[in-house]
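Chains B, C and D: place on chain A using the hints.
Number of protein chains: 4
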Amino acid sequence: MDSTNNNKYLFSLDIKVRDYELDSEGIVNNAIYQHYLELTRHEFCTATGFSFDEMRREGIIPVVNRIEIDYRRPLVSGDVMESKLWVEERGVRFIFHQDIFHKASGDVVVNAKVSIVCLEDGKLSRGERLHEYFRPFLETAKQ
Amino acid sequence: MDSTNNNKYLFSLDIKVRDYELDSEGIVNNAIYQHYLELTRHEFCTATGFSFDEMRREGIIPVVNRIEIDYRRPLVSGDVMESKLWVEERGVRFIFHQDIFHKASGDVVVNAKVSIVCLEDGKLSRGERLHEYFRPFLETAKQ
Amino acid sequence: MDSTNNNKYLFSLDIKVRDYELDSEGIVNNAIYQHYLELTRHEFCTATGFSFDEMRREGIIPVVNRIEIDYRRPLVSGDVMESKLWVEERGVRFIFHQDIFHKASGDVVVNAKVSIVCLEDGKLSRGERLHEYFRPFLETAKQ
Amino acid sequence: MDSTNNNKYLFSLDIKVRDYELDSEGIVNNAIYQHYLELTRHEFCTATGFSFDEMRREGIIPVVNRIEIDYRRPLVSGDVMESKLWVEERGVRFIFHQDIFHKASGDVVVNAKVSIVCLEDGKLSRGERLHEYFRPFLETAKQ
Numbered sequence: 008m009d010s011t012n013n014n015k016y017l018f019s020l021d022i023k024v025r026d027y028e029l030d031s032e033g034i035v036n037n038a039i040y041q042h043y044l045e046l047t048r049h050e051f052c053t054a055t056g057f058s059f060d061e062m063r064r065e066g067i068i069p070v071v072n073r074i075e076i077d078y079r080r081p082l083v084s085g086d087v088m089e090s091k092l093w094v095e096e097r098g099v100r101f102i103f104h105q106d107i108f109h110k111a112s113g114d115v116v117v118n119a120k121v122s123i124v125c126l127e128d129g130k131l132s133r134g135e136r137l138h139e140y141f142r143p144f145l146e147t148a149k150q
Numbered sequence: 008m009d010s011t012n013n014n015k016y017l018f019s020l021d022i023k024v025r026d027y028e029l030d031s032e033g034i035v036n037n038a039i040y041q042h043y044l045e046l047t048r049h050e051f052c053t054a055t056g057f058s059f060d061e062m063r064r065e066g067i068i069p070v071v072n073r074i075e076i077d078y079r080r081p082l083v084s085g086d087v088m089e090s091k092l093w094v095e096e097r098g099v100r101f102i103f104h105q106d107i108f109h110k111a112s113g114d115v116v117v118n119a120k121v122s123i124v125c126l127e128d129g130k131l132s133r134g135e136r137l138h139e140y141f142r143p144f145l146e147t148a149k150q
Numbered sequence: 008m009d010s011t012n013n014n015k016y017l018f019s020l021d022i023k024v025r026d027y028e029l030d031s032e033g034i035v036n037n038a039i040y041q042h043y044l045e046l047t048r049h050e051f052c053t054a055t056g057f058s059f060d061e062m063r064r065e066g067i068i069p070v071v072n073r074i075e076i077d078y079r080r081p082l083v084s085g086d087v088m089e090s091k092l093w094v095e096e097r098g099v100r101f102i103f104h105q106d107i108f109h110k111a112s113g114d115v116v117v118n119a120k121v122s123i124v125c126l127e128d129g130k131l132s133r134g135e136r137l138h139e140y141f142r143p144f145l146e147t148a149k150q
Numbered sequence: 008m009d010s011t012n013n014n015k016y017l018f019s020l021d022i023k024v025r026d027y028e029l030d031s032e033g034i035v036n037n038a039i040y041q042h043y044l045e046l047t048r049h050e051f052c053t054a055t056g057f058s059f060d061e062m063r064r065e066g067i068i069p070v071v072n073r074i075e076i077d078y079r080r081p082l083v084s085g086d087v088m089e090s091k092l093w094v095e096e097r098g099v100r101f102i103f104h105q106d107i108f109h110k111a112s113g114d115v116v117v118n119a120k121v122s123i124v125c126l127e128d129g130k131l132s133r134g135e136r137l138h139e140y141f142r143p144f145l146e147t148a149k150q
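Residue numbers (the working numbering), protein chains in the order written: chain A, 8 to 150; chain B, 8 to 150; chain C, 8 to 150; chain D, 8 to 150.
Isolated chain A (complex conformation) (with noise of 0.2 Å):
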């Protein structure tokens, strides 16, 4: 399946489940895996060498525009999960595939699609920065 090809993936990060992030289901509530993302997509600018700190003092603000999640199979207390992404360049868009798995059995937990354009001073950018930052990985994404 195309959303959860490991070849593709250009970052892994682990995350353990907090018990406050539960709901009265006794499982992660919906919105808490949109933090589980974008604390993926920070690690994963961190990692690249431009973290969102730095974007910002630099007056680059990256904004989501749309988001896609399938829920696949909920997390309990004491989970461990591997969120993975990989980015694509559309336009003026960056898209990051991002795929959320159970550790210990490697289920697919979420599939997400994240699009995320770049305002500077305020306005719409094509996000050069960005893209160079990212271009090592964006090479990589496209063989």
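What the hints contain is simulated information worked out from the structure, not anything from laboratory work.
One thing to keep in mind: the hints can contain errors.
The list treats identical chains as interchangeable, and a pair is accepted whether it falls inside one copy or across any two copies.
Within a straight-line C-alpha distance of at most 16 Å, the following computed EDC-like cross-link-like pairs (lysine to aspartate or glutamate) qualify [stated by the list, open to error]:
(1) Lys120 x Asp77
(2) Lys23 x Asp60
(3) Lys120 x Glu75
(4) Lys110 x Asp21
Chains B, C and D only, in chain A's frame:
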């Protein structure tokens, strides 16, 4: 635009932004919109006479299996939103069409589609009980 | 009991529990009460004519330096609370006495004391501006 | 200072600030520290061999009945903290002394005292089961 077609809405909830929902950009964090959307669905269900709490007690667990959100403009401190929805049935799924508007300006804030399935006693169900409660609303939606 | 002395309250806000605030015990998570308390203080400030957003724009940053919360009884899905406060000055600190009640029964849910100091231009201030806005309320509190 | 006496600590957990935990001041929101403190207690319990999930399955519900937090300095994006605790018994209560340090500088971030009681089958208990698990740690704490 279809997704903001006022005629179809079955339910509307005013929600005021709370300052702890803002992120370091001073705007409502993306993940918080899932909270707003969930709150709106739960209040809608309560209004139909069948709250989530009652569903749980009857062994019916509505589960989000897919969500799509388009982010159109941000909300800031003090903003009030109108969170509206209509519902559509597709096989075993209920599709909640949910749009959030900036109340003062009428601007679209987010357009979302949330797909829900029902578990009864742990198994996927046709959601007959929910269907029964939603029927007057679903029939309105068809017209 | 002093901490629930109805005569002293300057402000009251009704807040309804949202299902995403429940934890896996089916009760509101302890940390969420800090959100309720902050929301109540911010709405109080807005009611006095000086919102947190305006404070920030004027370079005044109110900072919580100590919090004490006694948890008396839990809140569950569907509950409505009355969140009340009165304010006391002690040197450079404003002490917010905040109590939350279960609306239907009148039961005490939490008793809290929140100590606030003001930073102006990054330095500890006597909070004169805040004092000015709070004066009518502070004088009432003394009686 | 007693509250930061390194000899007494039984457990330490490194936690990295996540960007979604920041508020509009760009610092970690006050309520989030309760999450950090809870996370640290739960990880401590897991380390003693008795996770919160297992407690629940055995009908033991630890309940926070009082919390005191002194906020010393804020945390910002990218910061790593050391979250430490020691435990003391007082009658039916377990008092968790929890201190969080800014890892890079050693600065105190918060000092907290969290009082816990145990419900067994819905009634207040002496917490014998917890006591049994905590005993090696409690004895260390006395020395």
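Hints and how they fare:
Both within a single protomer and between protomers do Lys120 and Asp77 lie at most 16 Å apart by alpha-carbon distance, with minima of 9 Å and 12 Å respectively. Taking the closest pair of Cα atoms, Lys23 and Asp60 come within 16 Å of each other only across two copies (14 Å); inside a single copy the shortest separation is 24 Å, beyond that limit. When the C-alpha separation of Lys120 and Glu75 is checked against a cutoff of 16 Å, the pair qualifies both within a copy, at 5 Å, and between copies, at 9 Å. With identical chains, the CA atoms of Lys110 and Asp21 are at most 16 Å apart within one copy only, with a shortest distance of 8 Å there and 21 Å across copies.
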